[in-house]
Structures are given as C-alpha cells and as structure tokens.
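Chains A and B are the protein sequences, given in the same order. Just so you know, we're using this note's numbering here: the first sequence kicks off at 1 and counts up by one. Just so you know, we're using this note's numbering here: the second sequence kicks off at 1001 and counts up by one.
Everything labelled a hint here was simulated from the structure, so no lab data went into it. A couple of the hints might just be wrong.
[To be verified] Capping the alpha-carbon separation at 25 Å, the derived lysine to any residue pairs in SDA-like fashion look like this:
#  : chain 1 : residue 1 : chain 2 : residue 2
1  : B       : 1227      : A       : 128
2  : A       : 6         : B       : 1248
3  : B       : 1216      : B       : 1261
4  : A       : 262       : B       : 1205
5  : A       : 268       : B       : 1055
6  : A       : 12        : B       : 1056
7  : A       : 268       : B       : 1062
8  : A       : 262       : B       : 1062
9  : B       : 1227      : A       : 40
10 : B       : 1188      : B       : 1198
11 : A       : 6         : B       : 1261
12 : A       : 262       : B       : 1051
13 : A       : 12        : B       : 1232
14 : A       : 6         : B       : 1211
15 : B       : 1227      : A       : 208
16 : B       : 1227      : A       : 38
17 : A       : 242       : A       : 178
18 : A       : 12        : B       : 1205
19 : A       : 28        : A       : 184
20 : A       : 12        : B       : 1209
21 : A       : 36        : B       : 1230
22 : B       : 1227      : A       : 242
23 : A       : 268       : B       : 1188
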Amino acid sequence: MFDYMKYMRQDKLPLIWCAGCGDGIVLKSMLRAIDKIGLDQNEVCMVSGIGCSSRLTGYVDFNTLHTTHGRAIPFATGVKMAKPELTVIVVTGDGDATAIGGNHYIHAARRNIDITVILFNNNIYGMTGGQVSPTTPIGKKASTAPFGNPENSFNISGLAEAAGASFVARGTVHDAIPLEKYIEKAIRKKGFSVVEVMTPCPTAYGRRNKLGNGAAMIKQLKEDTVPLSRAQKMSDEELQDKIITGVLVDVERPEYTDNYQKLIERFKG
Amino acid sequence: MSKEPRPDVGKNVRVMTGNEACAEGALVAGLYFYAGYPITPSSEIAEVLSERLPQIGGKFMQMEDEISAMGAIIGASLTGAKAMTATSGPGFSLKQENLGYASIAEVPCVVVNVMRGGPSTGLPTLPAQGDVMQARWGTHGDHPIIAVAPTSVLEVFMLTIRAFNLAERYRVPVILLMDEIIGHTSEKVILPDAATIEIWNRQAPTVGPDEYLPYKITESGVPPMAKFGEGYRFHVTGLVHDETGFPTNNSVQINKFLGRLNSKIDRHADEIITVTSDLQENATVGVFAYGSTARSAKRAVMLARQEGARVDFINPTVLWPFPEKQVSSLAERVSKIIVPEMNLGQMAHEVEWAARGRADIVKINRIDGEPIKPDDIVKAIVENA
Ligand SMILES: Cc1ncc(C[n+]2csc(CCOP(=O)(O)OP(=O)(O)O)c2C)c(N)n1
Ligand code: SF4
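So that you can see chain B by itself, here it is in the shape it has in the complex (with noise of 0.2 Å):
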C-alpha cells in the first residue's frame, strides 16, 4: 500500500469496516461498558473496544459466555453506564433470556447481532438476515424491542449512535442487526463532526428518592430512571410488577403494568421508524429491502429503471416496530411489492400483513451464504412491472 498522504484522509474521513464502525459509533454515543464473548463475524467489534476502551477511562470485559455477558450489561446499565454486547447467532440465542429481563425491568443496552447462517452453527463465515424475527420475538413473552438494520458501514455507524438514543430514551434493549457482508465491509466513510451528532440520554428522575417509583406511569410511557448508588435504593425484578418496581400478582397492576410496557414503542413508532424512500410516479412495482440486501436492491432499482420500469424502493432502517404505515402507503401505490432478503422469507409475512391484499407480494429468498445479486431483483421487477 502505498504511503503517500491521501487528499481524502482527513479526520473524519475513514476507511473502515462495518464492526470498526459499529465500535466507533458506540463510542461517540457514550459506551462505557463492553462485555462479550468471541464469535464470527462480530468479534472485530471486541477487538477494537479492549484496546480503546480503557483508554478513555472505559470497561471492556470478555465474559465466560453471551449469558453472562448480556447480564453484565444490564448490571452495568442499572449504574447509569452505557453498556453494549456483540455476538452472532448461536450468542444471539444464549442472550434470550437476560434480553428479556432488560425489556421488562426496562434497562438500555444495545446489542448486535452480526447475522451469519444458521441455524444452530450454521454458515459461521457467511452472511444471512435469518435473525429478523428472532430478533423480535426471540424471548419469551410480549415484550417490548427496537431492532434497526444498517445497509453501509456510514450507517452502522450512524445507526449504532441511534440505537443508544433509542434505548436510553424508551428505556429498551435496542438490537442492531447487521449481517457478514456489512459487518466484513470495508469502506471509505466521511464521518459527522461529534459536534453535529445527537446524544440522548435516560431521563433522570426529577423527584427525591421518598417520591422516586421507578416505574411510575408516565405521560409518554417510559419512567425516569434512577442510578444504582445515589440514594435510591430501589429495587429490579424480572417478575412483573408494579410502579413500585415489586413483584405483584394482583390482575390489575398486571394490566397497568404490561398494558404500559407493550405500548411505550408502538406510541411513538413515528419518532422511532426511519425508512428510506425512493419513489418514482406511475410505480406499479415497489422493492422493500433492508439490510445488505437493500444495497443489491438499490442497484436493482437503478438498473430497472433504465429498462424502462416504473418502480418504487424503500428501504427501513428501522424493522421493529416494524414500517406498518410506509409499507401499507406502498401498498397503495403499486400492485407487487418484491421483498429479497437472504432468509426464507421472515420479512415478507410482515409486508404481506401490512399491504392487506392491496398489493401481491413476490418473493426472493436466498440461505446458502450467497448475496442476493441487483441481477435477481432486476429480473424480478421486470417481470412483474
């Protein structure tokens, strides 16, 4: 490689892959603590946090498994610490049960999910958007979740800052959800001035601790939260409970409580979604596609086009809540929508329940570790144009 100084290598212009990124985001968001356990494709993201962390006066850990590192991360969370784990899919499964302790007792923390082949060990070393669901529903119960899926390295990194904000502000485990080919990626990013970048932080509480009910019914949802250590002294559970934040049985505190907890998102889905549209007049096809696969998608569209298609891309960045209003609306607009994603079709449930027999859903599904390829979608949108 050649060592001469490179007119587009400033400070904020970077070569790097989708972990490093992932790495760099959480940093500018405020991680303090990091505790995870090796697997491909995430551990660059561990890598490059033991060595910056305890440089900035942070905490990485390397835990004895994902179980105990998702609890490690709930417990440093309840400090007042931004806290983050990264895996893949086998950690991914181990983390279920501590991921729903941290939707009920309602403690930020983001996790990552840098989505290989499976199941089981699956397809280690090569890429695959198997997770969605699981990353909806894979623990046990109605729970509240937020997961945003990046498609380039500048969006992971922007998107990894979003996830901190979202968990801090809905008090959410929030679940970033790469795969191997945006995690391995390398590419040139200018980044944002840190200047420029929004950081939310978890809403203190405003009263003195004989007044303090951790999970008070709040106007918007979500509870102040007070740090373990300054003279709150109260207690968490993953038993349901109620504002009090004690275990009940009691029907009605049951309702109050849950009834609270499974809205606090879907009342604000509309701060909460993003989707990246890119429509065109007289669509009578749309393209829903996320991930790594929206790259090949967004090629896809390009090249239909200029073969005379009219057609309509979005792209959420956002899956869960899932984009109910923008697919519905695309619905509306166009008779096919064509979903690509590299599972069996997970995705495309949701697109078909959001159009509602408006519009047909076309599927293109791929789980061998191979991209799915602008090629296939082009063909795809040809032919029902």
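For reference, chain A alone in the conformation it holds in the complex (with noise of 0.2 Å):
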C-alpha cells in the first residue's frame, strides 16, 4: 500500500470534500507521482487559489501557499522566478484557472515558466454551490444557467497548447494510473505544464444535472473517454462530447526563469 500519510498534514483531515467528489483521486495521483519522482517534500511549493479543488493545499505537506480566487498561478511565478530550485505545482480549478484568471494562466504558458499546473475540471464552480463555468458544457444547468448555459465552453488545454504551454495532458478520474503518470511527466518537464483533469462533482453539477452520484459520474467519464490515439482516427462529430485524453502537447521550448539565469550570468565577470 502506498503510504499517502506521509504527504499529508494527518491532524486536519477529514478532507472538506463531499462524498463522491473527485478531488481526492486527483490528490492520491498527485502525491503518488510526487513519490515516484522522488521530491523531496522541502523542495516542493504547492500554490492554490479558491475553490473547493484549492482547498488541497491546506492538507498537504510542502511548502504550501493558498492564495486569492484566480491569482494562484501569478503567485507561484513570484515564487519560482525568487527561488527556481523549488519545485513548484499550482492545484486550481476550471473557474479559478480560466475565468478569473484566465490571463495568468495563458501568460505563464506564453512565458514557458517551469510551473506544473493541476486543473481541476469539474465544469462548474463548486464551491460556490454550482454556478456555470467556462467549462460548463453548452445546454447544461447550473444555478445560473437554470435553463441550460447558453454559452460556449472552453477546451482549456487547448488553451495552454495555443499560448505556448510545453507540455500538456489531459486525463480523468476514471484512470488514476495514466493520469498518475501525466502528473509525473508534467512535474518532470521543463518548462509550462499543464494536466487536466476531469473530475466530477455530484453536488453542484452532477444533481443539478441528473447525472447520479460520483460512482456514476466517473463511470460516465469512462464511457466518455477516448483515447488521443483513437481520437485522431475520428471524426469530429464523433468526438463530440468526448473527452480526449492522454499527453496532447510534449515539446521544448526554452523556459523562462532559464532565460532569466542566463541574462544574469552575462553581467557576472
């Protein structure tokens, strides 16, 4: 058995999260990639912003920082660009990455700084009891979108592939091991990284939407899931709805505070 207590702060759980949310299998991935790798748990900065995914920071381990709603990915760059021997993960959720902070998300790809960025997608805003998203499907209810959101949604990793990210995945809850192994490449990579997760929540989303409990949440992310192997063999009308999953972008380019080293070493005589 994998000892996940050694990651954990043990005297503030139980974990704030409903039963049947897929928060926890994302964290269980994350530190069995963090494991895997080897990380020492003093090298590691784990920044978060708000949301019911950015609560993760306060249970964990590290060097943890839980910040303004959006703002997570800002601050873990001050961290990073003050003290690049850190190991720094950013743990965020679809409204906090791409709405509110939707700038800094697609500037830290632009930048290609070394940061690993956990998305938690869950398409709606939990914590705040199930408002719409920009991930929230079009035609799907939330609180705010009683009769079906009448807006378009985002493919936020294709966002990251088209401001520059260089790496990112996307897998769901459903595969804990790929996913596990994503998150382990996205650390390891030099460079802008982004995983996606799809992860459900039964309490703001899936109820609203009659898509049953967590158990039948994840099972339906398995009915949705096609492989990026399969999906390049498809149509896109029938991947409509389909969650492609797998590492969509794995390529160099330089990283930021890389670039910034070797502008100070110019100046060193």
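Relying on the hints, combine the two individually framed chains into one complex.
Below is the structure:
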C-alpha cells in the first residue's frame, strides 16, 4: 500500500470534500507521482487559488500557499522566480484558472515558466454552489444557468497549447494510473505544464443535471473517454462530447527562469 | 549640456527624478524581485529596475497586469526575497485584493503608487493626492497598513529604504505614496553613504521546524517568518487563521488573530511615525501638509512669517498610521490648522478628528491637476493668523 499519510497533514483531516467528489482521486495520483519522482517535501511549493479543489493545499505537507481566487499562477510565478530550485505545483479549478485567472494562465504558458498546473475540471463552480463555469458544456444546467448554459465552453487544454505550454495532458479520475503518469511527466518537464483532470462534482453539477452520484459520474467519464491515439482516427462529429485523453503536447521550448538566469550570467565577470 | 566635469558631481551627488530615486533606494534596501505593469507616471521605476536588477543578480518581471504583479511579489517575498511593485491610480485599484492578502498573511512588500488625477483613467499625466484614503482603506476589511509620503527626491530615496525596513520589521505591506510632481522632478541629491544606511531584515525563526508557529502571538505582535524551501513547510492562506497558519472559524481564535493583526502597527506607532516639524513660539495658525504639497507649504510658511504671521508647520512623512499625537499637540498650540492637499480634503478629515475641536480646520483643495501654489497657502495663513 502506498503511504499517502507521509505527505498528508494528518491533523487536518478529514478533507472538506463531499462524498463522491473526484478531487481526492486527483490528490492521490498527485502524491504518488511526487513520490515516484522522489521529490523532497521541503523542495516542493504547492500553490492554489480559491475553490473546492484549491483547498487541497491545506492538507498536504509541503510549502503551501493558498492564494486569492484566480491568482495562484502569479503567486507561483513569484515563488519560482525568486527560488527556481523549488518544484512549483499549482492546484486550481476550471473557474479559478480559466475564468478569473484566465489571463494569468495564458501568459504563464506564453512565458513557459517551469510551473506545473494541475487543473481540476469539474465543469462548474463547486465551492460557491454550482454556478456556470467557462467549461460548463452548452445546454447543461447550473444555478446561474437554470434553463441550460447558453454559452460555448472552453477547451482549456487547447488554450494552454495555443498559448505556448510545453506540456499538456488530459486525464480523468476514472483512469488514475495514466493520470499519475501524466502528472509525473508534467512535473518532470522543464517548462509550463498543464494536466487537465476531468473530475466529477456530484453535489453542485451532477445533481442538477441528473447525472447520478459520484460513482455514476465516474462511470460516465469512462464512457466518454477517447484516448488520443483513437481520437486521431475519428471525425469531429464522432468526437462531440467526448473527452480526449493523453499527452496532447510535449515539446521543447526555452524556459523562462533559465532564460533569465542566462541574462544574469551575462553580467557576471 | 556641458561635458565639463562639475565639481559637485561625485559618487554620491546625483541629479535624479523621484522615480529614479525610488528605484535606487529599493536597490540599496536589498530589493531582489520587482514585478509591475507599465503605467504613467510610474513606469520609469520599472524601466530603471529592468536594467539594474539582472546586473546584480536580481529579478525583474513585467507582468500581464497589476493584479499578477501584486501576487508575484507576495510569492517572491515568501521565499525570503525583498520584493516591490510600482503603479499609479488605476493599477493601485487593481492591486487591492492581493494587497489585503499581503496584509492578512503578513508578507513584507513595498507597493509604490505615484499618484495621478482620478477617478478612473482620470488625469494620467497630472499630479494628485487623491489616493491617500485608498492607501488606508482600499482593500476590504479591517487590516494593518503603513503608508509613507516623501516630499523631495532625496526623501523618496530615504523613505523607499524605510518602507522596506518597516515592511520587514512589521511583516506588513508598506505603501509609498508619491505624486506625479515628485516622481518626475529632477533634483540634485547628495545620497548618504551606503555604509551609514540602516537596513532591517525580517526576523527569522529561532526554533526548529517542529516547534515553529508561523503566526505565533509574540510580545512584539510580529511573528518570526520562515522562508519557503528551508525545511519549515508552513501554510499560508488569506483565510483567517490561528497561530499555526491554518484556517479557523473559532471566534476565540479569530479574535486572537485579528486582534494581534490589527494592533501590531498601532502598538509601534511611535517608532513608525516620522513628522518634520517647524514650530514657532506663540503660533496662532498651523499648516499640515504632506507630499509635494508640503513643498509649497514650506515656502508659504516662510513667506507668511516674513509678513509677520506666527505659523507652525508640520509635515508628516508617514501618513498611516496617522500622526495623531503630533496633530493633537498642534491643535493645543494653534486655533486654526490649514490643510492644503490635492484632493477634496481626505486628510483634513483625519486632522479634524485628531484636533477634536481644539482648532478649526481650514481646507485648501485642488483636483484640477495643478499643484497648490505657495501664494494660495500664504493667503490662507494671513487670513487665519
Ligand atoms: C474575487 C473573488 N470572486 C469570487 C469569489 C467566490 N468564489 C470562490 S470559489 C469560486 C469558484 C470556484 O470554482 P472552481 O475554480 O471551478 O473550483 P471548484 O470549487 O469547482 O473546485 C468563486 C466564484 C472569490 N473567492 N473571490
Ligand atoms: S461541491 Fe463539488 S467540487 Fe466541491 S467538494 Fe463537493 S463534490 Fe467536490
């Protein structure tokens, strides 16, 4: 059995997450990935914004920073720039990272700063009770979209790719083993990395859309999942409402803190 | 311009603007990380630092907005770095939420606001002092803050260093309020020898990680501060927290924490507040002025005295915490206090409160982008003497 407790602040348990929430599966995958890489807990700085998912930083035994809504990436940027030797991991929700924090998300990707973002995509604002998010699919109900969401939604992995992230992967909490691998790769990657994780929020999203409990929603994730290799042979119509999983981007690009260090070196005699 | 060497231009004699002096002072104070977003009339601070910081091994970042700049300096400060951002009105408004974060999480940092006319985009190139109340109350909730206001280029240099010192000693964001006039005025300054300048650093924990309480209630009211990445593994949050740093909803713990947080600056007010006074025996009228307006006021006081008026002059260089004692004793001495400011009377309210009816307040206000002229103040002094 993997010893999760090594990385948990045990006196802070139980977690605030609802029964059936997928966030715990992401947490566990993340801890296994960190353990596999063999990171020293003192060398990890975990930064989050505001939301259910962002509460994670209070429970894990690293240098932890629970910031303001949407701003985890800027705080993390300051940490990374001032102490590049730290492994900086951002934990954030779909609303946190791509609504209020959308500007920071794309600019961090553009800079290609060596930060790993674990983006918990539950298609909703969980913490505040189920308001529509930039990833709520069109037509789905939310407390602020009682007649169905009239807006188009974001492909947030695609957004990171277009903005210049050097690593992007999408996984689901149904497939925790691949998810762990994506997170491991993302942390190892020198550059801005994103792992978008599809995770169910039965409380604020599932119930309103009659998607069943957490287990049923995870089962649905399995049915909707199409691995990238298979998706490449499918038409856009066939891929409607599907979740394409896998490593979507893995490229080498100059990394920002390295670039800046080189600039500093130029002035050293 | 003549290329002849000028006898007075030595190592420490320089001609510089307020914005340049601010950058220079920050470097002397030990600035390591700057993040900002361009805005008139503050941009020169960023420009100077973008050139100087990498040359001394520091870091400069132009962020995507003022919100992220404020967030980034907090992140950097948590690793132990001295960090600063600079902006003007619109950007200062954007920084407010994260400024409150620095306040509650007690993260030392310096926020420069080179004030311009407002509200909104307002008067981008013209001076104002309209953000003095925002500096105190701009972010939501009761919170500690320090704000300093220099009146000359040399004072910008000195007060920037002091801003860092205060931020470090009290674990608080310190706001440096300049205005467009001082930011852009070139003056000859004689900088003090670096060796004579006192630099304060945050107090490091004296206990090991096992015993460390990041928000411990200490005698001074300021808990020692560990750095991220040095074995302490503490938690930092903008939620109200207890001594351990973790969120709490317990009213006893809430009161303990917010009580300490909100009293730590007032408790040390005497050590923090600096006021330049020029008092005259048997004065009947006083002038209270700050920032660039204090320069006009200083001249006005001199001119009015030549005309026979008996005038006291006080110029606070720390606005928050408010120099209540100094204003109170001024109110004991004179029957009227003239408060010139480039806003509609923001500090005049504070002066009135501190005077508590012992002296009448006479306001001189301008918000048209024009400085208050010495003559206008002389007139008020003579009329009220
Ligand atoms: C500036 C600001 N605006 C709004 C809020 C209220 N708020 C808290 S969490 C949240 C949404 C969180 O949604 P998401 O990021 O998707 O995370 P989840 O709770 O679903 O994990 C909002 C709007 C806030 N805390 N701060
Ligand atoms: S509201 Fe949703 S996201 Fe939040 S803990 Fe509950 S299930 Fe998870």
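Status of the hints after comparison with the structure:
| no. | hint | in the structure |
| --- | --- | --- |
| 1 | B:1227 with A:128 | violated (32 Å) |
| 2 | A:6 with B:1248 | holds (24 Å) |
| 3 | B:1216 with B:1261 | holds (11 Å) |
| 4 | A:262 with B:1205 | violated (33 Å) |
| 5 | A:268 with B:1055 | holds (8 Å) |
| 6 | A:12 with B:1056 | violated (42 Å) |
| 7 | A:268 with B:1062 | holds (23 Å) |
| 8 | A:262 with B:1062 | holds (18 Å) |
| 9 | B:1227 with A:40 | holds (16 Å) |
| 10 | B:1188 with B:1198 | holds (22 Å) |
| 11 | A:6 with B:1261 | violated (33 Å) |
| 12 | A:262 with B:1051 | holds (14 Å) |
| 13 | A:12 with B:1232 | holds (17 Å) |
| 14 | A:6 with B:1211 | holds (19 Å) |
| 15 | B:1227 with A:208 | violated (44 Å) |
| 16 | B:1227 with A:38 | holds (22 Å) |
| 17 | A:242 with A:178 | holds (18 Å) |
| 18 | A:12 with B:1205 | holds (23 Å) |
| 19 | A:28 with A:184 | holds (12 Å) |
| 20 | A:12 with B:1209 | holds (18 Å) |
| 21 | A:36 with B:1230 | holds (22 Å) |
| 22 | B:1227 with A:242 | violated (44 Å) |
| 23 | A:268 with B:1188 | violated (31 Å) |
Of the numbered hints given earlier, the model fails hints 1, 4, 6, 11, 15, 22, 23; all others are met.
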